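Residue numbers (the working numbering), protein chains in the order written: chain V, 1 to 133; chain C, 134 to 258; chain P, 259 to 580.
These are computed hints drawn from the structure, not numbers from a lab.
One or more of the hints may lead you astray.
Said to hold, decoys possible - Derived contacts from chain P toward chain C, CB cut-off under 10 Å, selection only:
{"id": "1", "residue": "Leu-367"}
{"id": "2", "residue": "Ile-485"}
{"id": "3", "residue": "Arg-486"}
{"id": "4", "residue": "Ala-490"}
On a predicted model such as this, the values are computed, not experimentally measured, just so you know.
All C-beta atoms, glycine included, are put in the ideal place defined by N, C-alpha and C.
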Amino acid sequence: MTPDIMVSVAADVDVLVARQKARALAATLHFSPSELTLIATAISEIARNILLYAGRGEIVLRIVEQLRRRGIIVIARDQGPGIADTEQAMVDGYSTSGGLGLGLPGAKRLMDEFEVVSAPDRGTTITMIKWES
Amino acid sequence: MRSPILKQNNVLIASVQGELTDAELGQLRDELVQSARRHRSTGVIIDVTMLDVMDSYAARTLRGITQVTRLLGATSVVAGIQPEVAFAMAQLGLRLTGTTTALDLEEALALLADRERGGRPPDDP
Amino acid sequence: MAKTGAADLSNLLGSAEMAAITAEELEQRLKFLELGAADEERLTSVNDLARRYADSVIDDFYQHLLSFEDASAFFANSQTLERVKNMQKEYFLRLTQGNYDLAYSQNRLRIGAIHEQIGLPVKSYLGMYNFYLRAVAARLSEAFPTEPDRVLAIFLSLTKLTFLDIGLAIDTYIFSRERTILEQQRAIQDLPTPVLPFREGMLLVPIIGLIDARRARSLTEQLLGAIRSERAKVVIIDITGVQAVDSQVANHLVQTIEAARLMGARAILAGISPEIAETMVRLGIEADRFATVGDLQSAIDLADRFLGYRLTKEDGEAAAIS
């Protein structure tokens with residue numbers, strides 16, 4: 001298996017790095033150009049969330065294989081303030097920073113699997129997977 | 134990466150060259166607005182043909198540009214959103230409501246010229 | 259329809275996809291035909307006899323078969339003919355060996371599958387059984403000239419068994435036909451939705467039949483790509499032929515329309531059925547997000563207006579075009 005790719009997110013240029021690396025890794029799998037864009041876009045949203053709410057964090061990219069299909073998994077971690085109500089955060093329109101509030105639910109729509117684990121002062125870990133079609 | 138802003142008569146054209154950081158996008162917005170005021174432009178075209186990802190921040194920034202330039206009396210057009218980007222935006226729910234869109238720079242210029250002549254195309258939904 | 263001559267029969271024997279029969283089902287059929295131990299005994303009692311006349315029966319059969327043009331086409335290759343003859347001989351001998359169990363039935367099914375695959379019509383296959391029965395009847399009478407009752411009893415047992423075989427053979431044929439139909443249906447489902455350049459700057463997308471998530475996705479990709487390559491400013495999506503859509507597809511359609519707008523093309527949705535209208539209302543899709551019209555003609559008229567086209571009729575009278 002190919003090794004993990006880790007991108008440290010601390011400045012807004014890292015958002016670009018994260019999505020470029022994700023696109024490059026995903027391109028080694030069987031994704032259409034459309035799907036590559038969806039993956040890069042989802043990562044852009046999540047990476048920006050890290051900057052906005054936690055200031056810094058990291059994104060890990062990995063190829064996974066399950067039952068003879070492959071996919072790309074994205075794990076975004078930060079030690080920020082955490083989300084008090086993760087269920088609420090997944091509802092369209094919710095955001096405490098005054099933005100459009102599209103971050104999490106939007107990213108979820110673009111990917112196949114999506115999970116957010118977070119608690120106040122415990123940081124946030126978002127895991128998303130897109131499978132080859 | 135700097136995005137050059139060109140002037141063609143009363144129209145300003147900003148071509149986004151590839152990936153821009155948030156700071157660079159914000160910078161572009163400020164420069165465009167300044168130029169539009171200085172030159173009393175009636176049209177502003179933001180050409181995003183080279184943009185391969187449009188996320189909510191970029192969409193917000195674009196909305197900001199169009200809103201401000203409208204206040205300055207200019208019509209803004211976002212041109213050149215690529216098929217994959219358009220679809221990702223639609224899935225994300227980034228509709229760019231109230232922003233005029235065009236297939237590419239050529240169409241955008243034609244659209245603005247049409248408006249200048251007074252043939253207003255029907256309003257966008 | 260013949261795929262013969264070159265057909266490698268030994269390969270076909272290994273083919274996994276064919277009709278199957280369960281032990282319970284076989285049990286039912288044996289009961290229905292009233293094929294039991296007594297029949298088995300009668301048939302095995304003439305096994306030696308069968309071995310003696312097998313070759314001549316087979317030879318006679320093929321002589322008969324090959325005298326017909328349409329049948330002889332299937333056995334043009336002499337190698338094929340030899341193989342098939344040997345198979346038939348085995349088959350024939352098996353009839354009097356008893357043990358008409360699941361293995362027997364599965365073997366019969368496999369042989370039927372092979373004949374179906376080489377394209378042999380049902381009538382020829384059934385004709386073969388008929389020939390056997392008559393040939394065997396004649397041989398039996400010869401062998402037991404003073405025991406007509408015995409001959410009849412054996413013959414009736416043989417008839418039961420051949421009808422079991424015929425039933426299995428027909429199952430095979432039906433199974434193959436149904437599988438072909440299924441494959442064709444799938445192929446139709448997989449046909450891409452056409453995106454038709456209609457007038458300059460206008461695209462027409464007629465959607466027919468069932469539309470599932472996969473077709474919807476393919477439609478979007480095609481449509482957005484066509485907007486770029488055809489430089490379309492208006493897209494008419496005609497769903498007159500679509501009865502209903504699930505919420506996933508409805509949402510997908512709306513997203514496609516919005517993506518088209520981001521590319522500078524406006525969409526007109528034509529032919530929304532009452533059911534689809536209800537689905538959209540239920541999903542909270544506002545009617546003002548895109549233009550909707552009742553039928554295709556209205557859509558074209560509206561599209562013409564957007565693009566600044568006006569249709570005039572040439573009839574000798576001067577018509578003002580502004």
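- Tell me, in ascending order, the numbers of any earlier hints that this structure violates. 1
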